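**Q** Let the hints inform the model, and build the full structure from the sequences given.
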Amino acid sequence: MKKNVSFETALKRLEEIVDEMENGGAELERSLAMYEEGIKLVNFCTAKLEEAKNKVEMLTKSGGVVKPEPYKDRSRA
Amino acid sequence: MPQSEGRKIYSVSELNREIKAVLEDTYPDIWVEAEISGLKTYSSGHTYFFLKDGDSQISAVIFRGAGDTIKFSFEEGLKVIVRGRVTAYPKRGDYQIIVKYAEPAGIGALQLAFEQLKARLHSEGLFDEARKRKIPLLVQRLGIVTSPDGAALSDILTVINRRFANVEITIYPVRVQGEEAKHEIAAAIEYLNSNYPGLDVLLVGRGGGSYQDLWAFNEEVVARAIYRSKIPVISCVGHEVDFTIADFVADLRAPTPSAAAELVVRNKSELAGTLETLRGRLAVNIENRLAALKSALGNLAGSRVLEKPEAIFEIKMQDLDGLSRALQGSVEGILSAAERTFAHCSEKLSLVSPLNVLSRGYAICSRADSGSIVKDSAGLRPGDPVNIKLFRGGFKGAVKEIIPAEEPQ
Numbered sequence: 027m028k029k030n031v032s033f034e035t036a037l038k039r040l041e042e043i044v045d046e047m048e049n050g051g052a053e054l055e056r057s058l059a060m061y062e063e064g065i066k067l068v069n070f071c072t073a074k075l076e077e078a079k080n081k082v083e084m085l086t087k088s089g090g091v092v093k094p095e096p097y098k099d100r101s102r103a
Numbered sequence: 306m307p308q309s310e311g312r313k314i315y316s317v318s319e320l321n322r323e324i325k326a327v328l329e330d331t332y333p334d335i336w337v338e339a340e341i342s343g344l345k346t347y348s349s350g351h352t353y354f355f356l357k358d359g360d361s362q363i364s365a366v367i368f369r370g371a372g373d374t375i376k377f378s379f380e381e382g383l384k385v386i387v388r389g390r391v392t393a394y395p396k397r398g399d400y401q402i403i404v405k406y407a408e409p410a411g412i413g414a415l416q417l418a419f420e421q422l423k424a425r426l427h428s429e430g431l432f433d434e435a436r437k438r439k440i441p442l443l444v445q446r447l448g449i450v451t452s453p454d455g456a457a458l459s460d461i462l463t464v465i466n467r468r469f470a471n472v473e474i475t476i477y478p479v480r481v482q483g484e485e486a487k488h489e490i491a492a493a494i495e496y497l498n499s500n501y502p503g504l505d506v507l508l509v510g511r512g513g514g515s516y517q518d519l520w521a522f523n524e525e526v527v528a529r530a531i532y533r534s535k536i537p538v539i540s541c542v543g544h545e546v547d548f549t550i551a552d553f554v555a556d557l558r559a560p561t562p563s564a565a566a567e568l569v570v571r572n573k574s575e576l577a578g579t580l581e582t583l584r585g586r587l588a589v590n591i592e593n594r595l596a597a598l599k600s601a602l603g604n605l606a607g608s609r610v611l612e613k614p615e616a617i618f619e620i621k622m623q624d625l626d627g628l629s630r631a632l633q634g635s636v637e638g639i640l641s642a643a644e645r646t647f648a649h650c651s652e653k654l655s656l657v658s659p660l661n662v663l664s665r666g667y668a669i670c671s672r673a674d675s676g677s678i679v680k681d682s683a684g685l686r687p688g689d690p691v692n693i694k695l696f697r698g699g700f701k702g703a704v705k706e707i708i709p710a711e712e713p714q
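Keeping their order, the protein sequence lines are chains A and B. Every position in the first sequence, counted from 1, becomes a number in the working numbering once 26 is added. Every position in the second sequence, counted from 1, becomes a number in the working numbering once 305 is added.
Keep in mind that the hints were calculated from the coordinates and are not lab data. Please read these numbers as outputs of a predicted model, since none were measured by experiment. Backbone N, C-alpha and C define an ideal beta-carbon position, used for all residues, glycine too.
Derived DSS-like pairs: lysine-lysine, alpha-carbon spacing no greater than 27 Å straight-line: (1) 66(A) x 573(B); (2) 313(B) x 325(B); (3) 439(B) x 79(A); (4) 439(B) x 573(B); (5) 384(B) x 357(B); (6) 345(B) x 405(B); (7) 384(B) x 405(B); (8) 79(A) x 98(A); (9) 535(B) x 81(A); (10) 87(A) x 535(B); (11) 66(A) x 599(B); (12) 81(A) x 573(B); (13) 93(A) x 535(B).
If we take Cβ atoms under 8 Å as the criterion, some of the chain B residues that face chain A in the derived model are: (14) 442; (15) 443; (16) 453; (17) 471; (18) 472; (19) 474; (20) 477; (21) 478; (22) 496; (23) 580; (24) 583; (25) 584; (26) 586; (27) 590; (28) 598.
**A** Structural data, given as structure tokens:
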């Protein structure tokens, strides 16, 4: 699985694979290859979904320069 | 026309004509604030009504063409500010105001500006659904353009925290009301596009407020910044009922800031569900496939040939025996048929054999010289030597006398 694949692209491919497998007709070997690719895609998408990203930053302007500062006030939520 | 000294006597039509002239000269272009009453629209397209306040009223008319420039609908009791001229209707001695423009009293000017900008941007195609950017399925990096102190920001963060959403958030604080607000909002959208192009979505909005409070989101500069944004924009201005120009241009309108945050994170849990379903379908499919193959293999493995290979030879040997028997049978058949034919032929042959004829007492006479069988006495002469063959033996002789054949009758 390439790292730069978008979540959307991966999900779309996964849906295609499942549809194709369910429509039948593929050779066993091909089905197994598709299954393997499908599982990889599921894992990729799941990892993307669970990727820990909790940073909250607020941009502040001082002297005409904009710079990010960590946003502290999140605890009140 | 009778004239008396010191007094001017008008005819009615003359008076009316003069009043009409006075009114028209005095009130050629005036603004009047009043309430609409007795509204009637005729099929001609002209609208007649009264402008009134307290105990006073004046007839008014909007001719069809002028009505087209008025962007809102007239309603009974609506407070309006109209612009027009006063004129008289000499036939009835009435006077009235001919309205060429109207706006609702109160928020009228803003409302009008809103309608006009909306119409203009719409005709430019800024609201076309086809040009709108797709909100990504998975939002991992979120930009927020709103007031740092407003309800909108805390509402958004509350929702995101509650859902344990893994989202990286960049907040660009701006003023959301006042004269400078529109420029700050537009600049923020542009800044995030240039400096944070990796953001998946921008939330642009503010909490609830009066029509005037929300006004910055009806400004053209904000609309154009949203339009130019490469990052998809979700607008979330005020409450459910508030619609701003920003909402029309945005790629998606959320009714409130909380709803915008819900849109972003709810999507995420739906995605997790979708993935789980797909994983299940994959597994079920491959398991069924393998189970089917396994059972097909089982059937094959259990077949007699694979279990007891010599069986196939037994069958073949039996086949061979059968074939041999059949072959033998057919050869015997051919032979016995030949035998029967032979016997039949022999019998037939014996019937026609001269020996058979002789046995019944006939004799065969042949010439002694040529050996040819004599069938007609005409060919013989007395003294010719002949051989006579009998059933048993024979003898040699000579013709003694010719007996001619009897002539047939």
